[in-house]
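Please model the complete structure; the sequences and the hints are all you need to start from.
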Amino acid sequence: MKPIYLEKSIGIDIRSDSVAMVLIGKKLTQTDLLGACWFRIRDIDGPDKKEEQVFLTEANRFLMHHNAWPQATAISLPRRLFTFETFELPAPDAKSVPAMIEFEMERHFASMEHCYADHLYVQRGASQFHISAAAIRSEKADYYFELMDKLSLPPASANLSTIANASLALSRPGARDEISAIVDIDAKSIETVIMKNGGIEASRHIPLNDPDIQKAYANDALSSSHFEALSQGLAKLVIEGLQNALGQCRNIQESESIERIWLCGGGELANSLAYALEKTSGVQVEALGKLNGMRDWTRGEFDPAYHTTALGLAVAELNSGNNRGNLLPVEKRPKKKRGNLKVTAGMAAGVILLIAGLWVNQTLYNKQTLANLDRQLQEIKTQAGAFEKIDLAFETLERSTHTLNAIEADHPARLAALLELSNIVPGDSWLTTVKFTKNEMEVKGYSSSASKLIPIIENSPLFRDASFTGTILSEAAGEKFSIKAQMESVS
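Heads up, the sequence shown is in UniProt numbering, so the first residue is 1 and it goes up one at a time.
The reader is advised that the hints may include incorrect statements.
Said to hold, decoys possible - Heads up, simulated PhoX-like pairs for lysine-lysine below, C-alpha to C-alpha not over 20 angstroms straight-line:
#1 LYS188 / LYS236
#2 LYS236 / LYS279
#3 LYS480 / LYS150
#4 LYS332 / LYS279
#5 LYS49 / LYS332
#6 LYS2 / LYS27
#7 LYS435 / LYS480
#8 LYS140 / LYS332
Don't read these hints as lab results, they were simulated from the structure.
Below is the structure:
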């Protein structure tokens with residue numbers, strides 16, 4: 001019996017050179033990992049729109065493979081697009097912080113009217129709050145929000161990787177009572193984050209323009225000695241970044257030091273880098289991976305070296321609270337309904353009882369149906385006019401059969417293709433034109449989400465090399481599309 005999940009969420013970590021996706025499900029007593037994937041891209045928001053199509057295709061493939069249409073979606077946008085600041089705010093209590101912070105945000109971020117921004121806070125003393133805030137240009141963020149709409153996954157929250165990683169680290173036992181650091185490494189950048197007593201004190205984002213590291217990041221075929229040599233140099237860069245970040249921290253004294261380093265990402269370099277970093281710094285280094293007690297059903301798909309930030313996003317969305325940060329404007333956030341556990345359990349029990357009742361009554365229902373059909377047949381036999389209608393219907397059916405037989409005799413592959421299309425095209429999509437030329441098929445039509453049709457056609461044994469032949473247009477009837485695909489020969 002398949003497990004029943006009260007809610008599912010998906011975290012999507014979008015970076016300059018890669019995308020990670022993690023799907024989780026929440027049950028009454030625990031949370032399960034259900035799926036994970038990672039794939040490379042090149043500047044998805046750059047001038048080459050092919051990278052956008054790569055994102056849509058790969059993301060759709062993951063969603064369809066796991067039948068993943070979750071109730072909540074959380075995304076992080078590339079760290080390089082954000083400005084991050086920390087400051088202190090005097091306020092009488094926590095309820096007063098949202099009302100008093102607007103002026104301070106204007107002081108720390110330029111042109112706030114053209115930005116999306118949000119903040120986190122922790123209380124430091126009776127009337128003092130430590131604020132961590134981030135902002136992004138609205139036109140940059142809107143591009144990614146529209147991209148998610150093309151996947152039919154409007155996000156419930158949007159953030160930067162800094163917040164997602166910090167949220168995951170602070171959920172660990174004792175993490176809120178220490179000074180710790182997060183080192184987040186992808187193939188093109190390093191981010192160093194300093195935390196103290198549950199708050200983010202500083203964050204530094206450093207571009208990483210080392211072609212050797214970029215080549216090794218996802219290449220598991222290289223030797224361990226090669227990874228170790230690269231990790232030695234990378235560890236020095238990380239320690240330099242941590243020292244610079246510590247220099248920004250007004251709330252950390254010279255006598256205080258980092259007690260633990262959380263490592264996030266790192267790819268194939270993760271293990272050798274953790275060893276080199278611990279040896280060089282003398283500080284305990286731990287991988288910021290999945291939560292303790294979380295059951296992993298991904299069959300090896302989940303890897304902390306690639307999927308940690310996406311996991312943090314998904315977990316934060318399931319356990320959302322008032323102080324978690326969300327850069328998504330209120331008017332863009334979908335209305336989210338959360339069910340009461342007792343009501344949900346009661347409804348589940350009611351459904352089970354209903355299914356049992358239906359099963360018991362199935363025999364009686366079948367007998368009643370047969371009796372009704374027999375009575376209707378007797379009535380039809382007494383009406384002479386009904387035979388004429390049957391004759392007309394039979395003639396129409398016969399003509400249609402002759403037409404299909406003719407198509408099958410002359411072009412057997414085309415008939416098979418037509419039948420296949422009628423079976424695989426989902427109910428929220430419809431075709432206006434189907435055209436065959438030799439071994440090529442072109443279809444046009446409308447869909448609520450045209451991007452999901454490419455993997456559907458590709459998964460059919462009758463078609464291959466499916467691709468859009470033009471731009472997807474949003475119209476009142478849906479997304480207008482045109483797709484070409486090669487037809488396989490029918491034996």
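_I'd like to know which numbered hints this structure contradicts. Please list them from smallest to largest._
Going through the list in order, the structure violates hints 4, 5 and respects the others.
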